[in-house]
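Undergrad: Okay, here's what each chain looks like letter by letter:
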Amino acid sequence: MRKLSDNMDTEALQKSFDEKIEKDIKIEPKDWMPVEYRKTLIRQISQHAHSEIVGMLPEGNWITRAPTLRRKCILIAKVQDEAGHGLYLYCAAETLNITREEMTEQLLSGKAKYSSIFNYPTLSWADMGAIGWLVDGAAIINQIPLCRTSYAPYARGMVRICKEESFHQRQGFDILLTLSRGSAEQKAMAQDAINRWWWPSLMMFGPPDNESPHTIQNMKWKIKRFTNDELRQKFVDMCAQQVEVLGLQIPDPDLKWNEERGHYDFGPINWDEFWNVVKGNGPCNKERMAARIKAHEDGEWVRAAALEYARKEAAGLTGKQSEKATIKK
Amino acid sequence: MNESNTIDYLMLLADSSLIMGQRLSEWTGHGPMLEQDIAITNISLDTIGQARYFYQLAAARLNEKSGNADVTEDTLAYLRDAHQYKNLLLVELPNGDWGQTILKIFFYAHRQKLMYEKLSGSADAEIAGIASKALKEVEYHVSWSSDWVKRLGDGTQESHDRMTKALEYLWPYTGEMFVPATYEKNFLENEFSFDVLKQGWLDKVSGILTEATLSLPPADTYMHTGGKTGVHTEYLGYILAEMQFLQRAYPGCEW
Amino acid sequence: MEQPLWEVFIRSRQGLDHKHVGSLHAADARMAIESARDVYTRRMEGVSIWVVESKNIHASSPDEAASFYEPAEDKIYRHPTFYKLPDEVEYM
Numbered sequence: 001m002r003k004l005s006d007n008m009d010t011e012a013l014q015k016s017f018d019e020k021i022e023k024d025i026k027i028e029p030k031d032w033m034p035v036e037y038r039k040t041l042i043r044q045i046s047q048h049a050h051s052e053i054v055g056m057l058p059e060g061n062w063i064t065r066a067p068t069l070r071r072k073c074i075l076i077a078k079v080q081d082e083a084g085h086g087l088y089l090y091c092a093a094e095t096l097n098i099t100r101e102e103m104t105e106q107l108l109s110g111k112a113k114y115s116s117i118f119n120y121p122t123l124s125w126a127d128m129g130a131i132g133w134l135v136d137g138a139a140i141i142n143q144i145p146l147c148r149t150s151y152a153p154y155a156r157g158m159v160r161i162c163k164e165e166s167f168h169q170r171q172g173f174d175i176l177l178t179l180s181r182g183s184a185e186q187k188a189m190a191q192d193a194i195n196r197w198w199w200p201s202l203m204m205f206g207p208p209d210n211e212s213p214h215t216i217q218n219m220k221w222k223i224k225r226f227t228n229d230e231l232r233q234k235f236v237d238m239c240a241q242q243v244e245v246l247g248l249q250i251p252d253p254d255l256k257w258n259e260e261r262g263h264y265d266f267g268p269i270n271w272d273e274f275w276n277v278v279k280g281n282g283p284c285n286k287e288r289m290a291a292r293i294k295a296h297e298d299g300e301w302v303r304a305a306a307l308e309y310a311r312k313e314a315a316g317l318t319g320k321q322s323e324k325a326t327i328k329k
Numbered sequence: 001m002n003e004s005n006t007i008d009y010l011m012l013l014a015d016s017s018l019i020m021g022q023r024l025s026e027w028t029g030h031g032p033m034l035e036q037d038i039a040i041t042n043i044s045l046d047t048i049g050q051a052r053y054f055y056q057l058a059a060a061r062l063n064e065k066s067g068n069a070d071v072t073e074d075t076l077a078y079l080r081d082a083h084q085y086k087n088l089l090l091v092e093l094p095n096g097d098w099g100q101t102i103l104k105i106f107f108y109a110h111r112q113k114l115m116y117e118k119l120s121g122s123a124d125a126e127i128a129g130i131a132s133k134a135l136k137e138v139e140y141h142v143s144w145s146s147d148w149v150k151r152l153g154d155g156t157q158e159s160h161d162r163m164t165k166a167l168e169y170l171w172p173y174t175g176e177m178f179v180p181a182t183y184e185k186n187f188l189e190n191e192f193s194f195d196v197l198k199q200g201w202l203d204k205v206s207g208i209l210t211e212a213t214l215s216l217p218p219a220d221t222y223m224h225t226g227g228k229t230g231v232h233t234e235y236l237g238y239i240l241a242e243m244q245f246l247q248r249a250y251p252g253c254e255w
Numbered sequence: 001m002e003q004p005l006w007e008v009f010i011r012s013r014q015g016l017d018h019k020h021v022g023s024l025h026a027a028d029a030r031m032a033i034e035s036a037r038d039v040y041t042r043r044m045e046g047v048s049i050w051v052v053e054s055k056n057i058h059a060s061s062p063d064e065a066a067s068f069y070e071p072a073e074d075k076i077y078r079h080p081t082f083y084k085l086p087d088e089v090e091y092m
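Chains as they are written, first to last, in the working numbering: chain A, 1 to 329; chain B, 1 to 255; chain C, 1 to 92.
Bound conformation, chain A alone:
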């Protein structure tokens, strides 16, 4: 049987695709899509997945040292959620004809990027608070519009992720709030963490709009729904208010309310630092990659054994099965 698409030239398929995007009709895995759209999605979703997985490491660093059993359980559950989110995203990307194995290979070989924020170290317990409040706060602002992104499996994954993540930011804020109301040393610990995490968090939204080449096309495809600068401003406005509840400071002397704009103004971001971390010169780039490579390599024999056992079982060749066969004889 001839497929309908054989009769349609690319131009017509493109037109029908554009109409769907225009009318906010979601694109499903088997639908026709432009090559570049597919490529962009694979890149964005896999980067997002890698970020979740690498993002487990800085917080995982404090699991064994969490100061109370309650905090320990919360932190473990949170880091575990990140594994889950990485998994949902890898699965969403797999609907675009790339395997998890290929994506893992891209990450471990350094070909694929992940969010630079996770190349910063977690130096004190307060960092668990700052990551929750600032890093997850920024992530949520980035992610909520993605629940409406045009590619359906990505959007469905994001709905699930956003639902689960809603406790992440709160638990971070709660850690900082407790510290800020604690001893002088604890308060200093909290302020120090905010000082270190604030600027890298602002960089999480990506380069300014005028230097972000993909933004226009991604907005047109409704993969992205707001620009980097719009989202960054939203984040600053939110944090500027919340920091007052904490009784702590945001480390930016230029941060002040601008009546005319209806937004907070903020100081210049050090993009040199950003590009340096992207290029691999962040404080923990090597450690993060080494940890992922080690986990992958150490797990090789486990994955191989599971596959081999499944093969034997299907063929009736496991120890148990051959034992039974012997008895029957």
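Certain hints may be false.
Unchecked claim - Mimicking SDA-like on lysine to any residue, the simulated pairs with C-alpha atoms at most 25 angstroms apart in a straight line are:
#1 B/K204 to B/E117
#2 B/K165 to A/G206
#3 A/K39 to A/I269
#4 A/K312 to B/G207
#5 A/K320 to C/R30
#6 A/K163 to C/A29
#7 A/K312 to B/K204
#8 B/K136 to C/V47
#9 A/K26 to A/K222
#10 A/K320 to B/S143
#11 B/K118 to B/F194
#12 A/K39 to C/E2
#13 B/K136 to C/R11
#14 C/K55 to A/V35
#15 B/K165 to A/A304
#16 A/K312 to C/A29
#17 B/K204 to A/G319
#18 A/K113 to A/N97
#19 A/K163 to C/H20
#20 C/K19 to A/V35
#21 A/K15 to C/A66
#22 A/K312 to C/R30
#23 A/K20 to C/Y69
#24 A/K294 to B/T156
#25 C/K55 to A/D31
#26 C/K19 to C/S48
#27 A/K220 to A/F17
#28 A/K320 to B/P218
#29 A/K23 to C/P71
#30 A/K187 to B/G252
#31 B/K136 to C/E45
#32 B/K165 to A/E300
#33 A/K163 to C/D17
#34 A/K15 to A/Q217
#35 A/K26 to C/K19
#36 A/K320 to B/K165
These are calculated hints, taken from the structure and not from any lab test.
Given chain A, work out where chains B and C should sit, using these hints.
TA: The following block gives chains B and C in isolation, referenced to the frame of chain A:
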């Protein structure tokens, strides 16, 4: 019944579960595949959760006795030193590779299942309540770890060899589970025969090990003891140094 | 070689249909069910799990959407609202 036996026994239960969970949480972010990273983290959360229930109960009983409110799950977990910890030696051993960790869970979960089955009928209603809740969790740990023991024992030559090694390493630490400390014997009184417990455990465990094509170590293998009375391996000191660091460095703070 | 991909379906409550919730990798069905439990029911999302190896799912093609689904559009007599009832008949 002597209350101090009960407290000591609760510490044995709580400390063992906590140290088990603490060790397993070291896997979070480092598992052999994402799905299994999530699975082992669930077990870690279950066991730490069980520890918390037992600590909370012990704290309530201690406070009731003293008329104060200064004992909490956290003072019990974070402010006791190694010689006061009563956990089994088995749970404080390093994770080693995935196979060794699986086998550790496997031995412990099978024993916990039998223990919790008994305890869920305990005359102490509060302990019985915690045990029956924990039992459901442990039943899953039993089936999950048994599946993995089979997969790895009967998987590839490499996985088989690794499991054999892990078995040799861990086996001498399994005997302690069936040698009651005085307080344990006193608490359990007539509810319990440790010989029956051991036999029940051995039946289950050896059945699965055989299926996994792994051979049981000799019956006369030397067994290490001491954990239940506070004489530990060198590992526990490091586990506690790491776990208790913040509470020790900044005493008396809220977190 | 990679562990095969499985699709996961979960019944969220007794009495409801199983619904597709996502996918995962596992070596065999037993492992897939256990992983589905660990990955997709951490927040009490389910009471029953189905897993199907993804390669065993056959799907209709979007190219056939018009011939598959549009012919149903003019069969409006299949819907109860097509029929006008006298006002006296309250429930039917």
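Undergrad: Now look at each hint and say whether the structure bears it out.
TA: Each hint, compared with the structure:
no.	hint	verdict
1	B/K204 to B/E117	holds (15 angstroms)
2	B/K165 to A/G206	violated (49 angstroms)
3	A/K39 to A/I269	violated (30 angstroms)
4	A/K312 to B/G207	holds (19 angstroms)
5	A/K320 to C/R30	holds (16 angstroms)
6	A/K163 to C/A29	violated (28 angstroms)
7	A/K312 to B/K204	holds (23 angstroms)
8	B/K136 to C/V47	holds (15 angstroms)
9	A/K26 to A/K222	holds (10 angstroms)
10	A/K320 to B/S143	holds (16 angstroms)
11	B/K118 to B/F194	holds (11 angstroms)
12	A/K39 to C/E2	holds (22 angstroms)
13	B/K136 to C/R11	holds (20 angstroms)
14	C/K55 to A/V35	holds (24 angstroms)
15	B/K165 to A/A304	holds (18 angstroms)
16	A/K312 to C/A29	holds (14 angstroms)
17	B/K204 to A/G319	holds (16 angstroms)
18	A/K113 to A/N97	holds (19 angstroms)
19	A/K163 to C/H20	holds (17 angstroms)
20	C/K19 to A/V35	violated (31 angstroms)
21	A/K15 to C/A66	holds (17 angstroms)
22	A/K312 to C/R30	holds (14 angstroms)
23	A/K20 to C/Y69	holds (17 angstroms)
24	A/K294 to B/T156	holds (21 angstroms)
25	C/K55 to A/D31	holds (18 angstroms)
26	C/K19 to C/S48	holds (10 angstroms)
27	A/K220 to A/F17	holds (12 angstroms)
28	A/K320 to B/P218	holds (22 angstroms)
29	A/K23 to C/P71	holds (23 angstroms)
30	A/K187 to B/G252	holds (15 angstroms)
31	B/K136 to C/E45	holds (18 angstroms)
32	B/K165 to A/E300	holds (18 angstroms)
33	A/K163 to C/D17	holds (22 angstroms)
34	A/K15 to A/Q217	holds (16 angstroms)
35	A/K26 to C/K19	holds (19 angstroms)
36	A/K320 to B/K165	holds (21 angstroms)
The structure fails to meet hints 2, 3, 6, 20 from the earlier list, while all remaining hints are met.
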